[in-house]
Amino acid sequence: MNTLRLSQVRVLTRQDLYYAFHSTRGLLFLVFFGVFWLWMFSKLAGGSAQWLANPEGSFVIGWLFDPQVARSLFTDRSATLSAYFLLAVSTVPFFVLFAASDQTANDIGTKYLRFLTPRCNRLEIYVARFLGAVILISLAYCAVTLVAVIMASVVDDVNLAGLLVDAMLVVLSLITYALPFIALMSLCSVVVGSAGLSALVGISVYVVVLVIVAVVGIRMPDVADVLAYLLPNATKGLIMQLQWSTWLQALVLIPVYVLAYGFMGWRIFKGRDI
Amino acid sequence: MDQSVIQTTQLGKNFGPTQALVDINLDVIAGMTTGLVGPNGAGKTTLFSLLCGFLKPSAGSIKVLGHAPDSPSIRGRISILPQDASLLKSLPVGRQLSMLAELQGMNRPAALEEAKRVIKLVNLYESFNQLPERLSHGMLKRIAIAQAFIGSPEIIMLDEPTAGLDPNTTDSIKSVIRQLGKQASIIISSHNLEVIEDLCQQIIILRKGRLHSHEAVAELTARTKALTFKLEADPPEQVEQLFKQLTAVTDVKTGAPGQHRLVVRFNDEQDPMAEIEIIKCLATAGIAYREMVRGERLQDSVAERTR
Chain A
4 MNTLRLSQVR
14 VLTRQDLYYA
24 FHSTRGLLFL
34 VFFGVFWLWM
44 FSKLAGGSAQ
54 WLANPEGSFV
64 IGWLFDPQVA
74 RSLFTDRSAT
84 LSAYFLLAVS
94 TVPFFVLFAA
104 SDQTANDIGT
114 KYLRFLTPRC
124 NRLEIYVARF
134 LGAVILISLA
144 YCAVTLVAVI
154 MASVVDDVNL
164 AGLLVDAMLV
174 VLSLITYALP
184 FIALMSLCSV
194 VVGSAGLSAL
204 VGISVYVVVL
214 VIVAVVGIRM
224 PDVADVLAYL
234 LPNATKGLIM
244 QLQWSTWLQA
254 LVLIPVYVLA
264 YGFMGWRIFK
274 GRDI
Chain B
1011 MDQSVIQTTQ
1021 LGKNFGPTQA
1031 LVDINLDVIA
1041 GMTTGLVGPN
1051 GAGKTTLFSL
1061 LCGFLKPSAG
1071 SIKVLGHAPD
1081 SPSIRGRISI
1091 LPQDASLLKS
1101 LPVGRQLSML
1111 AELQGMNRPA
1121 ALEEAKRVIK
1131 LVNLYESFNQ
1141 LPERLSHGML
1151 KRIAIAQAFI
1161 GSPEIIMLDE
1171 PTAGLDPNTT
1181 DSIKSVIRQL
1191 GKQASIIISS
1201 HNLEVIEDLC
1211 QQIIILRKGR
1221 LHSHEAVAEL
1231 TARTKALTFK
1241 LEADPPEQVE
1251 QLFKQLTAVT
1261 DVKTGAPGQH
1271 RLVVRFNDEQ
1281 DPMAEIEIIK
1291 CLATAGIAYR
1301 EMVRGERLQD
1311 SVAERTR
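As they're listed, the protein sequences go chains A and B.
4 is the number of the first residue of the first sequence in my numbering; add one for each residue after it.
1011 is the number of the first residue of the second sequence in my numbering; add one for each residue after it.
Just so you know, the hints here were simulated from the structure itself, not pulled from any lab data.
Hints may be right or wrong, so weigh each one.
To be verified - Pairs of lysine-lysine, BS3-like flavour, derived with a Cα cap of 30 Å: (1) B:K1066 to A:K273; (2) A:K114 to B:K1184; (3) B:K1130 to A:K114.
Sequences are here, hints too, so could you generate the full structure?
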């Protein structure tokens, strides 16, 4: 029987976060994430994102993503913040696969879980590791969004209150978009015994389904549209519009993904030898 | 009636087509220190892992303190020293012990104090702030033992608690286990039968995945009448020829080269003076011994049974 004691989940989550900020792997993620965004911000610092608000830039964005996205992001909004948002959404899968790959995997491999299981049950461990990954990734995106907001307030000629509201929507959208990926990694990390392998499994699953969808889409586009819902990025279209209404629509879909991936992972973790 | 702390009923575990454990029925009595022994491949670690809830049984059931091994009712009431589990890297060992204590329901200051208490028990207080990767294998083993002593568990399960430790540390760990044995039921899985003989009142012997016996250590070692000699040198070849005239002698065994050991089994129903006759026989042959004990070492008894 597995009951969920919040006190245990709280302690385990705190430990997981503490470990993330002290372990080589956690620090590696943070450094890699930080360096990537430092580089990106150095490109955006000169106000180069403002070009995307021009008709030519909007055309490119419309061609790359969706004309509706181009209109929504670059009309009456900070171009720098919008460019940051586009980059962030596009790189979420990569960073989440990296940051959330070691929820339980390494501890299964090193048998560290054997120190935990006499003190707390597997459900508490599973949930706490998921929450730990969610908080780590949320903190990381909060930090870089803050930098983006500061930069946008300096570079772009925008209303500060509007910028802050947009920034809040950006952060919420990024975290919301990341949740299914973190849940997918919860599933991947219970089937293997190392973080690297877990990331590899996550990438493989993602790519394989993507290829299947693409191949099926050639002959049967309707079926491909349905199959595409297997992927954790199914809400990307809604998220990228950066509107409260579309974000709320995405918010309704997200729990389905989190629960589906999470439940599959839990079923495996509950029954597996550790 | 003795209260049992662990019960297994027709317990079995398969790894693919391999049957690691078959039909194990056990009843471990409260307040006893029980040894779990058997040769390699007998299923000791598998049984231990099943009792701890690390592995899921393929057949049968386990009750620990009246509950399933993964029941929340037993969290914090049992503690475990897993044999091959590693501590987290990059985190000081004191911090890790403190984290584990917090999971047993202690608040942060109490958990920190508890971590200090248990690390002192294994004489490693100076390593409290050290990272695991800076510690030797033996020190890590002692830290792992320390985590099993956190709180006031009712059952302590120790898998190979003295493996990889030097004799002095082994003695100090044995002394801590002996002390804890007064407050908790302890189960020790080990290849080191001297440790089992020294610490355990009960012994569970596994052989080829089946329960061979579960009995009192004293009963096991006293059942066969024997004299065990520690000689000055290895016994001569054909040493059994010395005793061939003694009808009471039923078997003669020698230790491995370098052990200088000789075990003479006898049946004193035929000859009440058999012990004296055996000693005389050795003196006549000019074989000197440093030490003689009545009975057989546990190691010999177990080896005999699991052969």
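Item to check | Given hint K273 of chain A paired with K1066 of chain B - CA-CA distance at most 30 Å | outcome: holds (10 Å)
Checklist entry - Can the restraint linking K114 of chain A and K1184 of chain B be considered satisfied, given a maximum Cα separation of 30 Å? => result holds (25 Å)
Checklist entry - Are the Cα atoms of K1130 of chain B and K114 of chain A separated by 30 Å or less? => result With a Cα-Cα distance of about 25 Å, the restraint between K1130 of chain B and K114 of chain A holds, given a limit of 30 Å.
In the structure shown, no violation is registered for any of the earlier numbered hints.
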